[in-house]
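**Q** Protein chains in written order, with the numbering used here: chain A, 1 to 337; chain B, 1 to 374.
Where hints are given, some of them may not hold.
[What the hints assert, rightly or not] So the derived label-pair ranges between C-beta atoms look like this:
| # | chain 1 | residue 1 | chain 2 | residue 2 | range |
| --- | --- | --- | --- | --- | --- |
| 1 | A | GLU60 | B | VAL43 | 35 to 45 Å |
| 2 | B | ARG360 | A | ALA29 | 58 to 68 Å |
| 3 | B | PRO356 | A | VAL186 | 53 to 63 Å |
| 4 | A | ASN333 | B | ILE151 | 34 to 44 Å |
| 5 | B | ILE151 | A | GLN274 | 43 to 53 Å |
| 6 | B | ALA159 | A | ASN333 | 33 to 43 Å |
| 7 | A | ASN333 | B | ARG142 | 35 to 45 Å |
| 8 | B | HIS145 | A | ALA29 | 58 to 68 Å |
None of these hints come from the bench; they were simulated from the model.
Backbone N, C-alpha and C fix where the C-beta goes; we use that ideal spot for every residue, glycine too.
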Amino acid sequence: MSKAIRAALVAAALLSCALTAPTRGAEAAFFPGVVFDYGGKYDKSFNEGVLTGIERFHRETGITYKALEISNDVQREQYLRRLAEHGADIILAVGFSQAPAVAKVAKEFPEIKFTLIDGVVNLPNVQSILFSEQEGSYLVGMLAALSSKTNTVGFVGGMDIPLIRRFECGYEQGVKAVAPDDHILVNMVGTTPAAWSDPTRGGELAKSQFDRGVDVVFAAAGQSGMGVLQAAKDADRLAIGVDSNQNHLFPGHVLTSMVKRVDVAAYNAIKAAQDGTWQAGVRTLGLKEEGVGWALDANNAKLVTPEMKAALDAASAEIQAGTRKVANYDETNGCKY
Amino acid sequence: MSVSTNTDGLPRWATLALLPAINLGAALVVSSLVILAIGQDPVSALAFMVKGAVGTGTGLSYTLYYATSLIFTGLAVAVANHTGLFNIGGEGQAYIGGLGTGLVCLALTGWPWYAVLPVAVLAGALFGAVWGLIPGYLQAYRGSHIVITTIMFNFLASALMVYLLGGPLLEHGQMAPESREFAESTFLPGVKEIAAALGYRTSTLPLNLSLVVALLCAVGVWFFIWHTRWGFQMRTVGANDAAARYAGINARTTIVVAMALSGALAGLVGINELQGVQHRVTLNFQAGMGFTGIAVALMGRGHPVGIVLSSLLFGALYQGGAELSFEYNEISPRLVVVIQGVVILFSGALEHMFRPALVRLLKPKAPAGAGQRA
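Pulled out of the complex, with its shape left as it was, chain B reads as follows:
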C-alpha cells in the first residue's frame, strides 16, 4: 500500500481518480467475459448488479451496511500497514471484539442503547486491541513474524468463540451455537427506527447507526496518522525502522501500539453486526470482513477517504452479488466471488499495470533537452 511516491510525473488527480477508474473498468470487462462464458448477458447482469446495489433504497441500505464493517477492518489493516505491519488478523480481532460488544449488550439489559453504545464500543475496541496487541508484542519483542501470528490468532479466536458459543454462552435447549438475544432496549437504531421517528415507514433493513461510528473512526484515523506525534512515529517506523530507532523512536512500543490500535478498529465490527443487526453473538458473524478489509485498505491506498470509498465499492459488490443470485438462478453465488476477485486483482495487485501507459499519455510535454525525438 506504499503511499505512491510520484516520481513518474503522473498528475495527482490521475493517480487518485483516473487510474482506479481504469482498473475498475478493466475488472468489469474481464468479469463480463466470465459472465459471457457461462451463457448470460453480461450487460444486463452487471446493470442488474449496479441497480441492486445502489439503485433502490433497500439495496443502498445493504450496501452501506456492508461498507460499515469494511470501513472498520479496512482502517485496521491500514493503521498496521502504515507501521510496516501486515495485519491479516482482522478477522480474529473482529471476532473477539464482537465478543466484548456482545458481552456488554448481554450484561446491560435494560439500559437504553445510547448508554450501551459507548460501553459496547469501548469493550469491542478493548477486546480487539488485546487480540492485536499479543501478536504485536510477539513481533516487537520476540521477532515472531506478524503474518504468522495473526493468522494463528484467527484460528485461536475461532476456537475460543466456538467453545464459548457451544457451551458457556449457549442458551439451554437451543440448537444453533449462539448466545441469547440481547434486550431490545440495547439494539442500535436502524434505518427503520430512524425513519419511523421521522414519520416514514420502511421495511427492516440492516443499516444502522454504526455507520456514523465508522465514519468517526475514519476521521479519527486520519487525524491520528497524519496529525499526531504517535502517527508520525508509526509512519517513520513503517518507512524505515532502523532510521526510526536512530531518531530516538521506540520502534517496539510503536509496533505494539499500532497493533493494538489496529485490533481495536477491527474489534468494532461487532457494533455493526451484533448490536446493530444480529442482536446476539453468533458464530462467524464477521463472515470474511476482516479479510476483505485487506483488499479495501489496499485499494484505498491506506488513506481513510480511499478506504471509505473502496468500502462502498466492496459493499456494493456484496449487495449487488446477492441481488444477482436472487434474480439469476443460473448465476451461482460463487461467480460474485470471481467478480470480487477480479476487482481486487486489477485494483490491488495490478494497480500499476496501466500506469506507464497513462504516464505517456498525460505527462506534460517534456521540456527541451529531454533527449528524445519530438
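The following block holds chain A by itself, in its conformation from the complex:
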C-alpha cells in the first residue's frame, strides 16, 4: 500500500518536473501561449512537433509557456481569448481548424501576435504558416517508385480531407514521374477525426494493400500511421513515415519519412516574437525553406542507394528552382497535373 503511494508520489513528482509550471500573473516577462488541436500535444506527429519547438525555446531561454489542449470546438476560441486576456505576447494556434477562431480573436486583440500553423488568416496581427506538403510527398513518391519491385505502391491517408489529398496528389506525381505505369493504391483510414488515431485500422489497410502487391506504402495518417509502419515490419515490406522523422521506429522497414518541420516553424515564430523580428502575413515553407523534406539517416541509409539519392536531389533542386512543377491539390481543385 505505502509502496503504491510512494510510487504515485514519485510519478507525480516526475510529472510535475517534466511539465513546466505555469507562471501565474506573469508581469512584463515574455509569455508565449499555444493552443493545440485535437490529438493533443503528445500525438507523436503534428501537434508534438509544435511542442518540440516550444520545448526547445523553453530549454534555451528558460521562459515558461502555457500549453492548452482542446476537447471541443468552442474551446479553441475560449482558450485563444483567455491567453490574450492573460497578456500573452504571442499565441500559437496549431492546425487549420483553428483559422476561424484565430480570425475572431485576433480582431478583438489587435495588439497581440498570433501565429497560425497550417492555415491562413489575413489580418495585420496574424502570421500564417503553410507547408508545401506536395513537394515533400513528391520526393518520397519518387523514392517509393524507385524502391518498388512490384511496380505497385500504396498510400494510407488519415482523415479524408483536402490536406491529406494534397499529400496523396504530390506522392502520386512523384511516383508517376519515375514510373508512369506504376499502380498506386489509395486508402483513407476514415472520415472522422478518429481516423487520426486508429493504428489498428491503419495496419489493416496496409496489410490489404500488401496482399494486393504493394511493397512500399506511404502513411500520412497521424497516429494511425504507426499501424502502417508496424504492418510493414511484420510483412517485411517498406513504409514511409510522415511529419516527424520516423525512420528510427522500425529501422530497415521505414524507407524514409516525409518530414514537415513544424517544430522549426513553431520555434522560429516564438523566437522572432521575442526578438521583435516577427512579421505578419502568409509564409509558405517548402523544400526551399526546408519546411518539408525527406529524412535520410543511419536508420535508412542501407535502403537508399546513391542513385536514388542523386535522383531525389536533382528533382529537389529542380523544384526549388521552379523548373519542375508540383501541382497543389487545393489550387488545382483536384489532383490534376
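Since the structure of chain A is already known, use the hints to place chain B on it.
**A** Just chain B, lined up with the frame of chain A:
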C-alpha cells in the same frame, strides 16, 4: 431511467434531492482522490472548477451554453426512453439536424435572424426527425434493434457530413472541411448583442438565445409526455408494449413517432452550436453532446426539470474542466473526463447504492407489528 417506483418508503424529497446530492458528493470525493494521486491539491482544484464554471459571468455563460445543447439531447434521450427505446443515436441526429439548420442559414442570406430562427428550428427538427425515424421504423416494423441501428446511423451521419463538408459544401480554396460562414444577419443574438442592446458591454460569449428555445422544448416535452394522449401512449408502450397493444394502442406507430420526436429534439443542437456560435457548418460540431445527453437523461430521471438541472451540472463540468486545464498545466484535460465519468457512475449507474442506507435512516418509525425489535 425507470421513473422510480417508490415502494421502499423513502420520502419523495429524499429521492429527488437528497439522494442525488449524496451521489454527487461521493463522486466529488472519489475525484478528489484522483486529483490527490497526481499530486495536486484537490480542494483548491475543485474550488477552482466551481469558480470557473459558475463564479464569473463569463464562466456561467459558457456553462449555460453547454447546458443548452445538453438539454436538447437529454430531452431527446428521455422521450425515446419513455417509450422503452434506448436512443443512442442522439449524436448523429444532432449532426444531421445541424445540417438542416445550416442549410437554412446558408440559403436565407439577408433575412433577419428572427425570421430565420423558426425556419432553422423546423429544418433542424425535420432533419433530426428523419434520422431518428428510420431506426424507429426498422425497430417497429422490421425488428432491428434500436441500439444497433442508432449506433450505425451515427456513423452514417458522420460519413455523410464528411462527404458534404469535404465536397459540395466546402468553400473553394479553404482548408478546413467547413461550409462558408452564414450571413451576419442570420446569427442568433448572443449575450454580447443582448447586453449591448441593454447598454452593457461584455466580451464575446457563446451563450445565445437558443437557451430559450431549449427551455421551451423542456416545457413542451413535459406537457407532451404527461398531458397528451400521445404521451400516454408512449409511456404505456414503454411500460409494457404487449399490454399497450391489447389496450388498442398501435405500438408500431408510437415507436416511430417517439423516435422521430427524439431525433427532432436532438436535431436542435445545431441552433445553439451553428446558428448561435460557430456561424458555419463545421465537422463534429456536436462534439459528444449526443452521448452526454444519455447521462443527462439518466441523471435527470427522464423528467424535464431533472434534465435541465443535470444539463446545468454537466455544463458546469465541461466549463469548470476547461478552466481547470487552463490554470493547472499539470492537470491534463483527460482528468476532466475522469471526473465526469465518476459523476456519471455515481449518479447514473450506482444511483441506488446509498438508497437502502438512506431508507433505514429516514423511513418513518415502523408501525406496530412490523415484526422487528424496537
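**Q** Are the hints correct? Go through all of them and say.
**A** For each hint, the structure was consulted:
A hinted range of 35 to 45 Å holds for the C-beta pair A/GLU60 and B/VAL43, which are about 37 Å apart. At about 59 Å, the beta-carbon gap between B/ARG360 and A/ALA29 stays in the expected band of 58 to 68 Å. At about 60 Å, the CB distance of B/PRO356 to A/VAL186 agrees with the hint of 53 to 63 Å. In this structure, A/ASN333 and B/ILE151 meet the distance hint of 34 to 44 Å, their C-beta atoms being roughly 35 Å apart.
In this structure, B/ILE151 and A/GLN274 meet the distance hint of 43 to 53 Å, their C-beta atoms being roughly 50 Å apart. Between B/ALA159 and A/ASN333 the beta carbons are some 22 Å apart, a value that contradicts the proposed interval 33 to 43 Å. Checked against the hint of 35 to 45 Å, the C-beta distance between A/ASN333 and B/ARG142 comes to roughly 42 Å, which is consistent with it. Judged by the Cβ atoms, the range 58 to 68 Å given for B/HIS145 and A/ALA29 holds: they are separated by roughly 60 Å.
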